[in-house]
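The listed protein sequences correspond, in order, to chains V and U.
Taking numbering that gives the first Met the number 0, the leading residue of the first sequence gets 0, the next gets one more, and so forth.
Taking numbering that gives the first Met the number 0, the leading residue of the second sequence gets 0, the next gets one more, and so forth.
Treat the hints loosely; a few may be bogus.
What the hints assert, rightly or not - One side only, chain U facing chain V, incomplete, derived with CB under 7 Å: (1) ASN49; (2) LEU50; (3) PRO51.
As the list claims (entries may be wrong) - 20 Å max Cα-Cα, derived SDA-like pairs, lysine to any residue: (4) V/LYS226 / U/GLU45; (5) U/LYS38 / V/LYS571; (6) V/LYS408 / V/ARG300; (7) V/LYS371 / V/ALA459; (8) U/LYS38 / V/TYR233; (9) U/LYS41 / U/THR31; (10) V/LYS226 / U/GLU46; (11) U/LYS42 / V/TYR233; (12) U/LYS41 / V/TYR233; (13) V/LYS371 / V/ARG300; (14) V/LYS571 / V/ASP706; (15) V/LYS366 / U/LEU52; (16) V/LYS226 / U/LEU52; (17) V/LYS2 / V/HIS154; (18) V/LYS530 / V/THR648; (19) U/LYS41 / V/SER234; (20) U/LYS38 / V/HIS154; (21) V/LYS408 / V/ARG557; (22) U/LYS42 / V/SER234; (23) U/LYS42 / V/PRO231; (24) U/LYS42 / V/ARG153; (25) U/LYS42 / V/LEU237; (26) V/LYS149 / U/PRO51.
Read the hints as simulated data drawn from the structure, not as lab findings.
Backbone N, C-alpha and C define an ideal beta-carbon position, used for all residues, glycine too.
So you can see what is in the structure, the chains are spelled out below.
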Amino acid sequence: MEKEQFYYDNKIVKMFLIATVVWGIVGMTVGLMVAFLFNFPNYMEGIPWLSFGRLRPLHTNAVIFAFVGNGFFVGMYYSMQRLLKARMFSDLLSRIHFWGWQLIIVAAAITLPLGLTSSKEYAELEWPIDIAITLIWVVMGINMIGTLIKRRQRHIYVAIWFYISTFVTIAVLHIFNNLELPVSAFKSYSVYAGVQDAMVQWWYGHNAVAFFLTTPILGLMYYFVPKAANRPVYSYRLSIIHFWSLIFIYIWAGPHHLLYTALPEWAQNLGTVFSVMLIFPSWGGMINGLLTLRGAWDKVREDPILKFFVVAITGYGMSTFEGPMLSFKNLNAIGHYTDWIVAHVHIGTLAWNGFIISGMLYWLASKIWKTKLYSTKLANTHFWIGTLGILFYAIPLYVAGFTQASMWKQFNPDGTLVYGNFLETVTQVLPMYAMRSFGGTLYLTGFILLAYNIYKTAKAGSKVEDELVEAAPLKQITARRIAGEGWHSWLERRTVLFTIFATLAILVGGAVEIVPLIVVPSNIPKITSVKPYTPLELEGRDIYIREGCNNCHSQMIRPFRSEVERYGEYSKAGEFIYDRPFLWGSRRTGPDVHRIGGKYNDNWHFNHMFDPRLTSPGSIMPRYPWLLTDDLDVSTTEAKMKGLVSLGTPYTQSEIDKALFLLRNQAEGIEKNLRQDPEFVKNYGDANMQDKEIVALIAYLQRLGTDIKKGETAQN
Amino acid sequence: MIRFVKHYFEGIANVEIYPIISLLLFFLVFVTMLIHVLKIPKKNIEEISNLPLEGDENNNNYE
Numbered sequence: 000m001e002k003e004q005f006y007y008d009n010k011i012v013k014m015f016l017i018a019t020v021v022w023g024i025v026g027m028t029v030g031l032m033v034a035f036l037f038n039f040p041n042y043m044e045g046i047p048w049l050s051f052g053r054l055r056p057l058h059t060n061a062v063i064f065a066f067v068g069n070g071f072f073v074g075m076y077y078s079m080q081r082l083l084k085a086r087m088f089s090d091l092l093s094r095i096h097f098w099g100w101q102l103i104i105v106a107a108a109i110t111l112p113l114g115l116t117s118s119k120e121y122a123e124l125e126w127p128i129d130i131a132i133t134l135i136w137v138v139m140g141i142n143m144i145g146t147l148i149k150r151r152q153r154h155i156y157v158a159i160w161f162y163i164s165t166f167v168t169i170a171v172l173h174i175f176n177n178l179e180l181p182v183s184a185f186k187s188y189s190v191y192a193g194v195q196d197a198m199v200q201w202w203y204g205h206n207a208v209a210f211f212l213t214t215p216i217l218g219l220m221y222y223f224v225p226k227a228a229n230r231p232v233y234s235y236r237l238s239i240i241h242f243w244s245l246i247f248i249y250i251w252a253g254p255h256h257l258l259y260t261a262l263p264e265w266a267q268n269l270g271t272v273f274s275v276m277l278i279f280p281s282w283g284g285m286i287n288g289l290l291t292l293r294g295a296w297d298k299v300r301e302d303p304i305l306k307f308f309v310v311a312i313t314g315y316g317m318s319t320f321e322g323p324m325l326s327f328k329n330l331n332a333i334g335h336y337t338d339w340i341v342a343h344v345h346i347g348t349l350a351w352n353g354f355i356i357s358g359m360l361y362w363l364a365s366k367i368w369k370t371k372l373y374s375t376k377l378a379n380t381h382f383w384i385g386t387l388g389i390l391f392y393a394i395p396l397y398v399a400g401f402t403q404a405s406m407w408k409q410f411n412p413d414g415t416l417v418y419g420n421f422l423e424t425v426t427q428v429l430p431m432y433a434m435r436s437f438g439g440t441l442y443l444t445g446f447i448l449l450a451y452n453i454y455k456t457a458k459a460g461s462k463v464e465d466e467l468v469e470a471a472p473l474k475q476i477t478a479r480r481i482a483g484e485g486w487h488s489w490l491e492r493r494t495v496l497f498t499i500f501a502t503l504a505i506l507v508g509g510a511v512e513i514v515p516l517i518v519v520p521s522n523i524p525k526i527t528s529v530k531p532y533t534p535l536e537l538e539g540r541d542i543y544i545r546e547g548c549n550n551c552h553s554q555m556i557r558p559f560r561s562e563v564e565r566y567g568e569y570s571k572a573g574e575f576i577y578d579r580p581f582l583w584g585s586r587r588t589g590p591d592v593h594r595i596g597g598k599y600n601d602n603w604h605f606n607h608m609f610d611p612r613l614t615s616p617g618s619i620m621p622r623y624p625w626l627l628t629d630d631l632d633v634s635t636t637e638a639k640m641k642g643l644v645s646l647g648t649p650y651t652q653s654e655i656d657k658a659l660f661l662l663r664n665q666a667e668g669i670e671k672n673l674r675q676d677p678e679f680v681k682n683y684g685d686a687n688m689q690d691k692e693i694v695a696l697i698a699y700l701q702r703l704g705t706d707i708k709k710g711e712t713a714q715n
Numbered sequence: 000m001i002r003f004v005k006h007y008f009e010g011i012a013n014v015e016i017y018p019i020i021s022l023l024l025f026f027l028v029f030v031t032m033l034i035h036v037l038k039i040p041k042k043n044i045e046e047i048s049n050l051p052l053e054g055d056e057n058n059n060n061y062e
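This is chain V alone, in the form it adopts within the complex:
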């Protein structure tokens, strides 16, 4: 057969490679900045856009979407062309994908510190950026499918299946989790409320881990580990089983993020069962990756790339063992809201994602620039510093997590909590946070060595950007050849159909979990005393969201004796029906605030926001002095209420018409309360505090969790 000559596009690989390195350094640096805030809460004193609640989402988004995202695209653009023996479908689409994605990252880096956020974890970006992500993702998908269609290789290698499932699933997840009603250029409300919002969010959140941090990296593993070890994958049969069982089971496991919450129990249990089952495909994949190195272990001793891969796959095995374990309710009761989860996540990101990508970048650098790696010794140093960094990061946080859980739950013989002051459980683990920052510093240092090593390699290497290759085009398939073939080989050849099947596999799980919750009203019992927020409280809630308070404070009291004793009555599903978005949080660096309303007076909150250490000595909460000086923006209050009405919140027309009047009234009331403190009058007597943001936030905090108490009084 006549061979065709064509070129592989190495330039796009190179562009993504550079972006990965740059964003990797940025994302990890922001992570380190955030980590230092635990021990030095004042070091970014008074700069609103550098406060913890705004930087933490920037860190997570940067490492997930900018570092791992670009890392995946590097490997995807390199391996797809070679596995399919074709140049990418369209150079233009490749470029649009690249620049579009980088622009989205820049937009995130600007909007998140500005406090423009939807508050849903790993989906914080506001609606205009969400739309941009959708468009760019589709561009990538067209480019992928287009390349598959014009391929010169009949069989589609397993790595590409993982890429396809990443594309379709992230598209589905992203769209459904970000359904929101815009009320202004950078503010929107989730179309789901409370429990439903939580369910959709963690269906997304869990599967973002699955399909943005796992399947693409598995694809990279199935291509680059055999490449680096120079031997085929241990068992291709196992990889087929791995693929279908992983994508089928993963999608069901989301609710394990919501165990013991107000989520209906059937949904929680479904999440647990599927999470436990997940260990089988995950470990199948891990074993397949590790055993690919069979007979090559001598190489592991010399080759830093293989070392990275071994630690990465081991990390994958560790975190996919831990995940199912944490889904058991008894272990989840200990781990949830503590630093155990943070440690667990970082084994996945630092070891599994970070090291597969690092190994791949070293391997690719010499291929792309057609020269030897500048320094193998430096790469080895990176490996050892990075590995130490992971240990120094994770181990202290495991200790911290168990310490927190046990301190939260300890009772005195007389039935009171041993550590009734939450702060004691925070200051106790501060040394662990310092060690974690040290671990993070090591890891980042290692990654900077990688950047230097790759820069030197690139400088010494060739500038050629297109690689000439030749391959025969696909022949027409004869009837004789198809006779007797299995359905899977048949399916593999039909790209589009294969994509549809993979989509169906993931849709089933999503639908079974989410549809009943949305259509069956009895799943969320109504509580008559629960009423919508007043205009001022609504604005206060949006400030709570803007400042990212939910990054450290949960609003979900689990039905445990220790939590009811500490925080008050446990949270009910019916209390959240006007919460758009839900703000349950996932981590308690500070105490739960669901029943904070009425616990302290307005002055306490005022002083606490000005400087948390005035009211709570030793607190590591940042200061929010700007809330006391910035005027509350009420220009969109009515628009917000109208938007909420269209989503189902029962504000009356007169409430909307009188919104500003009601808002002022309530604000004046709070200022009056504040003036009862002579200290306040002395310091802020002429400040017109009723116009400031702090008043709205106090109104919201004082409302939190109080509605069901009103119900009790009415019944009595």
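Given chain V's structure and the hints, the job is docking chain U onto it.
Just chain U, lined up with the frame of chain V:
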């Protein structure tokens, strides 16, 4: 672990059929896939698993 799940499902009518349906579904899907996977000829498996290792300059189409 079953004690966490049990009491909740007891309230649903004909609940006994649920686990049986789920079990059957999973069993069928997995067994079909397993049988198929085991049935792929060794030659094909080797060919596909060697795809990443083909040198970039040396493209034989194995057709």
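Now for the hints, and whether the structure bears them out:
no. : hint                : verdict
1   : ASN49               : holds (5 Å)
2   : LEU50               : holds (5 Å)
3   : PRO51               : holds (5 Å)
4   : V/LYS226 / U/GLU45  : holds (15 Å)
5   : U/LYS38 / V/LYS571  : violated (52 Å)
6   : V/LYS408 / V/ARG300 : violated (46 Å)
7   : V/LYS371 / V/ALA459 : holds (9 Å)
8   : U/LYS38 / V/TYR233  : holds (18 Å)
9   : U/LYS41 / U/THR31   : holds (18 Å)
10  : V/LYS226 / U/GLU46  : holds (15 Å)
11  : U/LYS42 / V/TYR233  : holds (15 Å)
12  : U/LYS41 / V/TYR233  : holds (13 Å)
13  : V/LYS371 / V/ARG300 : holds (19 Å)
14  : V/LYS571 / V/ASP706 : holds (11 Å)
15  : V/LYS366 / U/LEU52  : holds (14 Å)
16  : V/LYS226 / U/LEU52  : holds (6 Å)
17  : V/LYS2 / V/HIS154   : holds (18 Å)
18  : V/LYS530 / V/THR648 : holds (9 Å)
19  : U/LYS41 / V/SER234  : holds (11 Å)
20  : U/LYS38 / V/HIS154  : holds (17 Å)
21  : V/LYS408 / V/ARG557 : holds (12 Å)
22  : U/LYS42 / V/SER234  : holds (13 Å)
23  : U/LYS42 / V/PRO231  : holds (14 Å)
24  : U/LYS42 / V/ARG153  : holds (15 Å)
25  : U/LYS42 / V/LEU237  : holds (16 Å)
26  : V/LYS149 / U/PRO51  : holds (18 Å)
Checked against the numbered hints given earlier, this structure breaks hints 5, 6; the rest are met.
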